[in-house]
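Novice: Take a look at the letters that make up each chain.
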Amino acid sequence: MRKPILGDDRGGVAVFVLGILLIFFILIVTEAFSYVSYVYRAANDLHNGIGIAGRNALSDFTTVNPADGSVIVTDNNLLEQHFSQYLSNQLQKWPSSCYTITSFQVYSETDRNSQAPVGFSTIVPGTSIYVKMDLILAVMPGLVPETFSHWSIPLTDIISQNSYESATGEWNLVR
Amino acid sequence: MFKKKWFRLISLITILFFLASSNATKAADNYTHDADISRDNTVVDSSFNGIMYNSNPYYIEIPAWNGYRQYSNTTPAVVGNQLWQFTFDDSGNGHLWEIDTQKPGSNWIPGSAVSASVTLVQNFDVGTSGSNGEVNSAAGVSGPTIAQGYIAIAVGGYLYWWPAGHPDQDQFSPIRGNSGNAIQLIAASPLITPPLTATGMDITTGDTVTWQTPFAIVGSWSGGVISQPLYTPDNVFKTQWSYNSTNDATNATNDIVTSSPAWNSHTNAVGTQGAAVFGVDATQSGKNRLILMDPMTGNIKTIYDSGGSPIFYGPIDSSPAIVSNSTSASAPDGTIFVPDQGAGVYQLSANGDYEADDISAMDQNNPCIANIALDGQNVIWVGEGHTSINAAPINMFGEGSYRLGGFNGLNSPAVVNNGTTDTVFLASTGQNGLLVTNPISISNLPVSFGQAQNTWQTLGSLTPAYTSVAADVGTDSTDGTDLHYLTTWTNYGYDTQGCIEIWAPSAYGVSAFVTPSIVDGGTTVQVQAEPYPTDTTASMTAHVTDGAANNFDLTLYPNTSASPEMWCENMTAPENYTGSPDVYTVTVTATSKSGSTATATTNFTVNPLPIPPGGLTGTLKIDALRRNGELEPPSAAKFGNNLTATLTVPTPSPPPGLQNAIVTGASITKAWVHHPNGVPNTTGQGEQKYFISYVDTKMTPTGLTATCQFLESWAGYPPHIPDDGTVMETDTIYAPFSVLVNYKYQVPTAKGFYWATGSYNTGGDATTNEDIIGSDWYTYPVSHIENHYGGK
Chain F
1 MRKPILGDDR GGVAVFVLGI LLIFFILIVT EAFSYVSYVY RAANDLHNGI
51 GIAGRNALSD FTTVNPADGS VIVTDNNLLE QHFSQYLSNQ LQKWPSSCYT
101 ITSFQVYSET DRNSQAPVGF STIVPGTSIY VKMDLILAVM PGLVPETFSH
151 WSIPLTDIIS QNSYESATGE WNLVR
Chain L
1001 MFKKKWFRLI SLITILFFLA SSNATKAADN YTHDADISRD NTVVDSSFNG
1051 IMYNSNPYYI EIPAWNGYRQ YSNTTPAVVG NQLWQFTFDD SGNGHLWEID
1101 TQKPGSNWIP GSAVSASVTL VQNFDVGTSG SNGEVNSAAG VSGPTIAQGY
1151 IAIAVGGYLY WWPAGHPDQD QFSPIRGNSG NAIQLIAASP LITPPLTATG
1201 MDITTGDTVT WQTPFAIVGS WSGGVISQPL YTPDNVFKTQ WSYNSTNDAT
1251 NATNDIVTSS PAWNSHTNAV GTQGAAVFGV DATQSGKNRL ILMDPMTGNI
1301 KTIYDSGGSP IFYGPIDSSP AIVSNSTSAS APDGTIFVPD QGAGVYQLSA
1351 NGDYEADDIS AMDQNNPCIA NIALDGQNVI WVGEGHTSIN AAPINMFGEG
1401 SYRLGGFNGL NSPAVVNNGT TDTVFLASTG QNGLLVTNPI SISNLPVSFG
1451 QAQNTWQTLG SLTPAYTSVA ADVGTDSTDG TDLHYLTTWT NYGYDTQGCI
1501 EIWAPSAYGV SAFVTPSIVD GGTTVQVQAE PYPTDTTASM TAHVTDGAAN
1551 NFDLTLYPNT SASPEMWCEN MTAPENYTGS PDVYTVTVTA TSKSGSTATA
1601 TTNFTVNPLP IPPGGLTGTL KIDALRRNGE LEPPSAAKFG NNLTATLTVP
1651 TPSPPPGLQN AIVTGASITK AWVHHPNGVP NTTGQGEQKY FISYVDTKMT
1701 PTGLTATCQF LESWAGYPPH IPDDGTVMET DTIYAPFSVL VNYKYQVPTA
1751 KGFYWATGSY NTGGDATTNE DIIGSDWYTY PVSHIENHYG GK
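If you read the sequences in order, they're chains F and L. Throughout the first sequence, residue numbering follows my numbering, covering 1 to 175 in sequence. Throughout the second sequence, residue numbering follows my numbering, covering 1001 to 1792 in sequence.
Derived from the structure by calculation, the hints contain no laboratory data. Just so it is clear, CB atoms sit at the ideal spot from N, CA and C, and this is done for glycine as well. Heads up, some of the hints might be wrong.
Said to hold, decoys possible - Below, computed lysine to aspartate or glutamate pairings styled on DMTMM-like, alpha-carbon distance capped at 25 Å:
#1 L:1238 - L:1207
#2 L:1689 - F:45
#3 L:1698 - F:68
#4 L:1287 - L:1305
#5 L:1689 - F:75
#6 L:1287 - F:60
#7 L:1287 - L:1207
#8 F:93 - F:45
#9 L:1689 - F:170
Said to hold, decoys possible - To list a few chain L residues with every Cβ distance to chain F over 10 Å, as calculated:
#10 1552
#11 1670
#12 1779
#13 1783
Given only the sequences and the hints, what does the whole structure look like? Please build it.
Specialist: Structure follows, in structure tokens:
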């Protein structure tokens, strides 16, 4: 028995066919990477928006205890409402269907060192908000073999508020 | 049909019972306030929007006349700026009074008598008719009708009339009823028709002549109804027409007519266009019927049955109402609605053909003689023995209605329609007060009527009204402006004299008080507020401030035992460390059920905290220490600084008048610092970062100095940007103190002197101002991206 040999006279694939396949493969990869780049930019914008909205909302609805520098949230409900308003202001050019807040959790100083919620890796530093959000992108029909018309990409962000004492350079004394 | 006969049987028994028991039950309600011959009890007034009324009525007393006090069963008739009130007395006389209305002047105080121009216009012989010979059992219950330039009134078996403004030209005509029927009582107001053609004979020529004149039509308990041309040319013998209840029923001698006729210009069933429409109380014949009568010819149409069955369950005592301004195809203008004695309500065509009825509020065992109201879209009536108010749309009459019960003695409804909403006014003869609905939608009245039940305004009254109310009446006699008054008559008003009661519109307002008005700190004061009109307030709050750091917000609650209506709340007066009286301004804000607001301001004074006499002046110095040991500039502090307060008191003098007195020792016995204090908002609610109040921190005395420490916790955060020492606020901080002074002095003796000792308590109050220039605490937010998409 002879071993079958690629390209032998019994019907191997011609080299130019392989070349076409290679070009096709490169096109797919390029397409895929351009999508990755698009997703990267979109997610980055959303992260920025969440960060700004969270920082503004925390400034509005936290106060500092002058005795120990601990940071106190004055109103969790208003904090979340204003976060949503700030976020929609930040993302005015985005259709609201592009993102949904899936989880908004507020932690206080007494939660310090407790385990972060599922999806976050760190421990809770103190007064902070943990936001989970889905970025929803419509996928354009193209070369990418994709059966879904939308991608839902989870984003997770932490915004924490800490205090600083200017005379001594001490941070929040309870942490 | 069994059902109808059953009701007829019950009603017949009821009638016989009431006939046997009292004549007064037949006092039909005469509502003639705007001389509206449609008798629809509705005033259309597009300017009637959001009007609230004074709870307490003004009243005009109709004094005892010739020593006899006055009674009436009739709502004042209103024409322009005049109220016309018929009264009668136990001397057998009736009187017609004219009262000119005017705007409330400075002498108009709600709840008080007002002087008004009251003119006695006409006297009548009423005759005695009560079972004991007194006149006031049932007689003289007619009211005047003023229209077409004439005034007509039926009293004691006669129709009287005269041209308006000429009571000296009065004429009268007997209302003849069934022969042998001695009852000559009146319980109806005349109808004055538009000008019609009267017929007569010229006695100088014998020719038949015709002329145009309004007619007056009115019936009596005699069973007779007169049709009277109000003008007859000289030398003309007029042809007179009348109706007797024996004309169209057998054994009808005691059938009576108490129903004030209504004018229906859409009828052509009795010959020419137009007819007077009135009901018959078929006391004897049992043939309860409605009559259409042509005033010019005396032609009548008797409306009794439909398809062979009787239409009416009970006697027709009240006035029919004729639809006008209709928007309904099924009940065009001219459609007749009429109630029976048991509050069954019937719809008939302009020519008297039965169309529908509503017996949902009917109770023939409890007579409910009251007129109905028509606003063009709805029928509104009281039912079930004067205990319920009912409404049904006229385009679906008989198919459903809304009923609101639980009342007592409700009289005929008066409706004011402004084009889109109705306001319904109801006087109660059974209890004090006048019920007023908030404006309710006319397009969906039965439903919104139910929604209105929690927003009734109940106006006060002198005593229960004796008649229906006339709503939205009167113009000012000097400038003609609308007065929007409500008016009714009460027999037992102020000083048990008969009175016309008048409710005038009121702006929504509130007055406020604090009791006691001067207090020591720590005692309870009560903020009290009286809204007016009463029964219109939904909520009330008060803001209390001394113009400085002491601010309080109170919610006031109604004091259910107070009369008039009062809302109140207690608070503890803060201590006053200022050394002089501290005045707190209290601003009360009341919100009405319709959303109007009103405010009132009052104040109370807190006495300064008593400190021992002496008036010593101490020095208070505050050092603001940063956490790193540095001091802030003098008299300045930042949020988060530890403040050290040092009080220094100079050595006091010994008491005057003692020889060579010397202070041997003096020390502060008690001192404290009264300063603002901030507590972070840990309530979990609101945007407020700190709650600020004044607190006392006790000082530790050492001789004539005392110290204490506290935290600058109330101001400066978040700091001014840039944090450049800008003064953000200045606080006055107080340190009251008392001092014990020991002294010695020389007491002269024969040999010289000896030293004696003494001591006294004195005190004072030191103050200082502290500038707040920012914060040593800052906060920084940090955001951190957790997952890899877009991660840094």
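Novice: Each hint: holds or not?
Specialist: Evaluated hints:
A threshold of 25 Å between alpha carbons decides the hint, and for residue 1238 of chain L with residue 1207 of chain L the separation of about 12 Å falls inside it, so the pair holds. A hinted pair counts as satisfied when its Cα atoms are at most 25 Å apart, and residue 1689 of chain L with residue 45 of chain F does not qualify at roughly 31 Å. For a cut-off of 25 Å, the pair hint linking residue 1698 of chain L to residue 68 of chain F stands: about 23 Å separates their Cα positions. Distance hint between residue 1287 of chain L and residue 1305 of chain L is fulfilled; the C-alpha atoms sit about 9 Å from each other, no more than 25 Å.
For a cut-off of 25 Å, the pair hint linking residue 1689 of chain L to residue 75 of chain F stands: about 10 Å separates their Cα positions. Between residue 1287 of chain L and residue 60 of chain F, the direct Cα distance comes to roughly 82 Å. Violation of the 25 Å bound is thereby established for this hinted pair. Taking the CA atoms of residue 1287 of chain L and residue 1207 of chain L, the gap is about 41 Å. The hint is violated against a cut of 25 Å. Note on residue 93 of chain F and residue 45 of chain F: the hinted pairing holds, with a Cα-Cα distance of about 11 Å set against a maximum of 25 Å.
Only pairs whose Cα atoms come within 25 Å are accepted, and residue 1689 of chain L paired with residue 170 of chain F is accepted, the gap being roughly 22 Å. Its beta-carbon lying about 20 Å from the closest one in chain F, residue 1552 of chain L satisfies the requirement of being farther than 10 Å from that chain. The non-interface label for residue 1670 of chain L is consistent with chain F: the shortest C-beta to C-beta separation is roughly 27 Å, beyond 10 Å. Annotated as non-interface, residue 1779 of chain L brings its C-beta within 10 Å of a C-beta of chain F; the closest such distance is 5 Å.
A beta-carbon of chain F is positioned within 10 Å of the beta-carbon of residue 1783 of chain L; the least distance is around 3 Å.
When held up to the earlier numbered hints, the structure conflicts with 2, 6, 7, 12 and 13 and fits the remainder.
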